[in-house]
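**Q** This is what each chain is made of:
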Amino acid sequence: MKDIRYIFAIKEAMEEEMDRDENVFLIGEDVGLAGGSFGASKGLYEKFGPDRIVDTPISELGFTSLAAGAASCGLRPIVEIMFMDFVTCCMDSIVNQIAKMRYMFGNQYTVPIVIRMPEGGGLNAGPQHSQCLEAWFAHVPGLKVVMAANPYDVKGLLKSAIRDENPVIFIENKTLHAMKGSIPEEEYLIPIGKADVKREGTDVTVVSASRLVNESLKAADLLSKEGISVEVVDLRTIQPWDRETVFTSIAKTHRLVVAHEAVKQFGFGAEIAAAVAEEILDELDAPIMRVGAPFVPASYSLEKYYVPGAEDVKKAVLATMERTF
Amino acid sequence: MKDIRYIFAIKEAMEEEMDRDENVFLIGEDVGLAGGSFGASKGLYEKFGPDRIVDTPISELGFTSLAAGAASCGLRPIVEIMFMDFVTCCMDSIVNQIAKMRYMFGNQYTVPIVIRMPEGGGLNAGPQHSQCLEAWFAHVPGLKVVMAANPYDVKGLLKSAIRDENPVIFIENKTLHAMKGSIPEEEYLIPIGKADVKREGTDVTVVSASRLVNESLKAADLLSKEGISVEVVDLRTIQPWDRETVFTSIAKTHRLVVAHEAVKQFGFGAEIAAAVAEEILDELDAPIMRVGAPFVPASYSLEKYYVPGAEDVKKAVLATMERTF
Amino acid sequence: MGKPSKEKMIEMYRAMVKIRKTEQKLMEVFSNGEILGFLHVSIGQEAAPVGICSHLTEADYIATTHRGHGHAIAKGIDLKMAMAELFGKKAGYCLGRSGSMHLADKSRGIMGANGIVGAGIPIATGAAFAAKYKKTDQVAVATFGEGATGEGAFHEALNFAAIKKLPIVYLCENNGWAEFSPMSIHAPVQSVTKRALAYDIPAVSVANDVLEIYEEAGKAVERARKGEGPTLIEVRSERWYGHYVGDAQKYRGKENVAQAMAKDCLLNFEKGLLESKVLKKQDIEKINTDLDAEIEEAVRFARECPYPEVSEMMEGLYL
Amino acid sequence: MGKPSKEKMIEMYRAMVKIRKTEQKLMEVFSNGEILGFLHVSIGQEAAPVGICSHLTEADYIATTHRGHGHAIAKGIDLKMAMAELFGKKAGYCLGRSGSMHLADKSRGIMGANGIVGAGIPIATGAAFAAKYKKTDQVAVATFGEGATGEGAFHEALNFAAIKKLPIVYLCENNGWAEFSPMSIHAPVQSVTKRALAYDIPAVSVANDVLEIYEEAGKAVERARKGEGPTLIEVRSERWYGHYVGDAQKYRGKENVAQAMAKDCLLNFEKGLLESKVLKKQDIEKINTDLDAEIEEAVRFARECPYPEVSEMMEGLYL
Ligand SMILES: Cc1ncc(C[n+]2csc(CCOP(=O)(O)OP(=O)(O)O)c2C)c(N)n1
Ligand SMILES: Cc1ncc(C[n+]2csc(CCOP(=O)(O)OP(=O)(O)O)c2C)c(N)n1
Ligand SMILES: [Mg+2]
Ligand SMILES: [Mg+2]
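Residue numbers (my numbering), protein chains in the order written: chain A, 482 to 806; chain B, 482 to 806; chain C, 395 to 713; chain D, 395 to 713.
In short, the hints are calculated from the structure, not lab data. Accuracy of the hints is not assured; some may be wrong.
[Claimed, not checked] Listed next, the in silico DSS-like pairs over lysine-lysine satisfying Cα-Cα at most 30 Å (straight line): (1) A:K655 - D:K644; (2) A:K706 - A:K679; (3) D:K415 - D:K474; (4) B:K523 - D:K529; (5) C:K500 - B:K785.
Work the whole structure out from these sequences, hints included.
**A** If you want it as structure tokens, here you go:
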């Protein structure tokens with residue numbers, strides 16, 4: 482085992498996959514010479530050169546669709562969108578092209594492409610640099626949507642995403658980039674589509690992803706002192722999400738909180754809650770509480786009050802404990 | 482009263498508002514000389530001329546952001562996006578600019594802009610011309626999202642949208658364009674943010690919007706013959722949606738189906754279901770069933786099996802009647 | 395490069411007739427309601443796809459548009475499978491899922507028509523990127539109309555291709571109309587070649603003449619293969635019919651249509667071939683009747699094939 | 395148009411010093427942690443905003459970028475309220491919600507900095523559209539860097555403005571760098587003026603010299619006011635510091651930075667003013683100390699103001 486930061490785990494995943502398969506390449510703004518705006522590709526340009534670590538003009542639509550074309554001709558692009566907010570510049574590419582190319586062309590083409598992007602707050606970067614938009618992609622048939630909560634997960638999931646034959650929206654979180662964690666020296670993969678029970682518990686299930694997993698774990702610690710046993714399920718993949726693990730957990734705890742950093746309304750928590758209310762409602766002993774950001778744009782100077790955290794999860798869990806029906 | 486088609490009701494709404502306020506103008510591809518791809522602006526170019534009925538190059542991002550700039554300088558643009566699928570070309574404009582301009586600039590600017598777009602199937606136009614993406618916009622703070630189910634509603638809602646000081650995503654439905662309905666001769670407005678109980682009933686509440694409202698009404702007819710009394714609530718506005726009307730109805734029927742044409746997973750039905758499961762779960766006597774399109778791109782030759790309809794609503798209602806818990 | 399060989403010219407003529415006749419047939423069956431959705435024909439514009447595809451191998455790539463039957467045929471698409479797709483049948487290229495706006499044939503480098511204006515341009519650019527990456531000598535072609543040059547996708551793709559000197563030819567068929575509006579609504583310039591100046595991409599404008607197009611396309615494809623980078627070719631094409639079948643072109647003067655039809659690239663080519671004795675009247679008749687038979691056979695096949703099962707609609711989303 | 399009057403020149407000098415000194419102060423307080431988020435300074439580039447804004451009235455519009463303090467100051471933004479915004483305080487222009495990347499002052503036509511590269515270009519074009527629509531004689535200015543010209547937004551906006559002959563000036567400050575990469579990564583052309591050829595928009599490239607910029611901007615603004623349409627001006631600006639404060643510019647040679655600093659538009663202007671006796675040493679000192687005081691006062695104000703209440707975060711989303 483070794484200690485490694487999240488951002489470096491991303492780099493390792495890309496590097497190993499590029500070593501393994503010469504068709505894998507990285508493309509994006511300042512990913513090359515500069516090593517990436519957040520440093521995810523530091524050193525890769527020196528190792529793989531400009532043909533495989535491709536700096537682009539500022540043109541998210543252009544280079545994402547270019548990657549789509551390259552993918553359908555046998556390459557395996559990793560696209561870096563600098564901030565998730567900028568993905569608004571290439572939604573046609575992702576939604577009308579990449580997501581549909583395989584199905585729409587009668588399975589002739591496969592489009593093995595990973596589109597990486599960091600979401601969320603943490604930099605006080607304000608309304609146009611802090612959004613969490615994973616729910617959009619989860620609503621689009623053809624895309625897989627992956628979110629990693631720690632260095633171990635990000636490496637194993639990213640390697641799987643690069644090997645996946647389908648397009649994967651791979652969502653990082655800016656506050657996690659500096660997070661340290663322990664990973665094996667040897668190669669490992671984490672399967673896409675499988676949730677991970679990050680902490681076992683018996684009273685309430687908290688379903689979450691990305692940074693909020695860690696916040697939920699903190700909340701679980703706090704709550705354990707109050708005698709409440711929280712099970713924390715990390716979805717890891719939002720689309721397709723792992724119903725079995727989630728439902729099994731709820732069948733045990735009979736209480737559910739869903740927590741994410743995105744705006745609460747119409748976030749991915751809604752789908753989890755709705756699926757539960759549709760398929761296993763009778764398992765519930767209390768209302769399903771959701772945690773998410775308030776319904777306003779991300780704030781610059783009040784960011785720490787805007788972004789949901791452990792306290793919010795704790796409150797939601799307590800609410801499910803109180804409000805039995 | 483007079484009989485009028487949905488598409489013509491749209492035209493009347495625009496015309497009346499343009500008569501009333503010289504700052505209102507229409508902009509989009511082929512809205513002028515050609516009268517709009519679906520004919521919504523037929524005759525308006527002749528009446529108002531090229532300064533107020535503005536044909537654009539094929540450049541959704543360019544003209545939508547242009548409208549944003551014009552709106553913040555005192556005009557009131559109506560933007561036509563020819564098919565909702567093409568809104569993927571201007572998401573930055575809508576999400577990072579228009580939705581946030583007011584809040585982000587400390588309430589200095591108001592951005593009274595209506596962005597009209599028809600969604601859904603009905604033309605067998607295939608995967609890139611049939612999508613329903615309203616859930617995306619409902620997830621973005623700062624936008625209102627309106628969907629109209631018939632000629633009466635579309636006129637009254639569109640007029641309100643044009644007068645609204647906030648940006649409104651105004652979603653039409655292609656199959657409704659030819660629908661006939663009765664509207665008053667005199668002017669009327671329908672408030673944004675208010676749901677409409679389209680049919681009263683006591684056994685099950687069906688919450689819906691746009692075309693699926695009409696399908697739900699058909700289903701209610703069918704079900705009444707089987708002795709099941711369905712209340713059909715037309716949301717009319719998806720964001721902000723009318724919790725009061727929805728919750729009141731559920732408090733009466735204790736059963737809920739949510740129906741939309743969009744892909745079921747992560748659609749707006751998820752939010753309604755989740756809010757109910759969060760706030761009034763104890764009112765429910767049965768699981769919440771959702772109706773939506775299957776999780777694949779829209780089909781060309783199997784469109785009629787892809788797009789949800791009255792039969793699907795009926796099945797969902799029956800499921801809530803069977804599965805009491 | 396120069397003029398094509400006699401055999402090549404006959405092949406080209408055959409391809410142009412095939413496009414013309416196929417689309418005439420499509421208009422017919424569309425009116426029957428046998429084809430659904432939108433149908434955009436390219437009758438009058440056959441010269442451009444044939445002019446360019448005559449220089450391409452099956453390994454080369456082409457990304458086309460909503461008005462893409464011509465390119466697909468010129469690039470060698472199987473007519474039966476294409477027809478089946480248009481009829482929405484399971485035997486179609488896209489399993490009947492997508493129809494006219496999405497014809498694609500991976501085995502022949504046909505990367506797909508596209509329902510989104512301009513969207514194919516960066517995708518084809520990606521194919522060129524892949525060819526360069528893999529150091530093959532493949533070339534990619536992006537086709538599009540003059541209207542598409544208003545989209546940011548056009549700009550972003552050409553910028554990138556020029557910077558990287560990618561092996562691609564940008565083929566703009568400027569038919570003067572984008573849907574229901576003339577070019578003056580869409581661009582402040584008269585010729586699309588002006589757009590290329592922003593990227594230092596060499597550009598040329600040619601008439602709706604298959605031999606002229608063949609010549610310029612030859613140079614452009616050669617430049618691309620040699621690694622000298624992209625070229626933009628504007629073909630001054632002529633759209634005879636409406637934007638889609640069913641569009642009565644009320645916005646367009648009768649003379650404008652008549653002028654377009656007068657510049658019949660197929661008839662002109664045929665005349666030239668007769669004059670230069672490359673073909674005789676009988677050869678032409680034979681080609682025409684053979685094609686009629688082939689097209690009839692494709693329609694028969696498409697008609698008789700089954701629709702996909704509803705259960706099949708749910709298959710194949712992910713690999 | 396020609397040279398500005400003596401008074402105008404003094405005003406321009408004052409504005410340039412104000413931008414320089416304000417941003418120097420910002421760098422300082424940013425290092426203290428008093429300003430959060432990203433801070434992009436334009437030190438070395440003061441000539442362009444001052445050169446153009448000298449021709450604008452409060453009624454004219456300007457949309458700026460992430461590197462937009464200079465334009466806001468040149469357009470007359472209130473320094474206290476701007477500083478309060480940068481400090482994230484309730485008294486700021488955006489109620490402390492948005493910070494440096496979103497400075498806006500409606501009362502002075504400052505339509506907002508923008509965190510999305512290129513996004514301000516069509517928005518400013520919309521302001522020009524509104525001016526034309528309302529038949530006022532207002533002019534709009536869009537500022538952006540050379541990197542932004544890679545975005546489709548640039549292309550779509552210029553295309554539209556050219557077609558409609560909108561009253562707008564496109565001011566590109568080409569500082570040679572977009573984030574951490576040189577222009578060769580971003581464009582196949584050396585000068586942004588080439589981009590304008592695609593739209594038949596007149597374009598000119600000027601050095602980082604406020605008087606030269608003043609002259610060309612004057613012509614462009616006049617053209618716009620007269621209804622003759624858009625102009626593109628490329629200023630060959632120089633970025634002294636990193637992309638944002640904290641960027642050590644490791645990717646950039648020391649000589650490149652030294653060269654940039656040598657082309658100090660402020661110092662050069664100052665020298666010229668001294669030589670031509672428009673200003674004396676004492677005048678300059680006075681201007682500098684006055685501005686120091688004004689800036690200190692703004693910082694003091696910003697420091698002392700309260701943050702917004704958390705409850706206020708939920709207010710004002712809709713009107
Ligand atoms: C992004 C997008 N915007 C608008 C449309 C609707 N549309 C389909 S074809 C077309 C006109 C295209 O004109 P041009 O590029 O000249 O091609 P042509 O039809 O003349 O072959 C338009 C506007 C679309 N399909 N996609
Ligand atoms: C759509 C989008 N893509 C990328 C970025 C990240 N980004 C911020 S500034 C910048 C470089 C801009 O370069 P240029 O336009 O030359 O302006 P300069 O910073 O030199 O003033 C980039 C890539 C962004 N903010 N928005
Ligand atoms: Mg055209
Ligand atoms: Mg720059």
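**Q** Taking each numbered hint in turn, which are not upheld by the structure, reported in ascending numerical order?
**A** Per hint list: zero violations.
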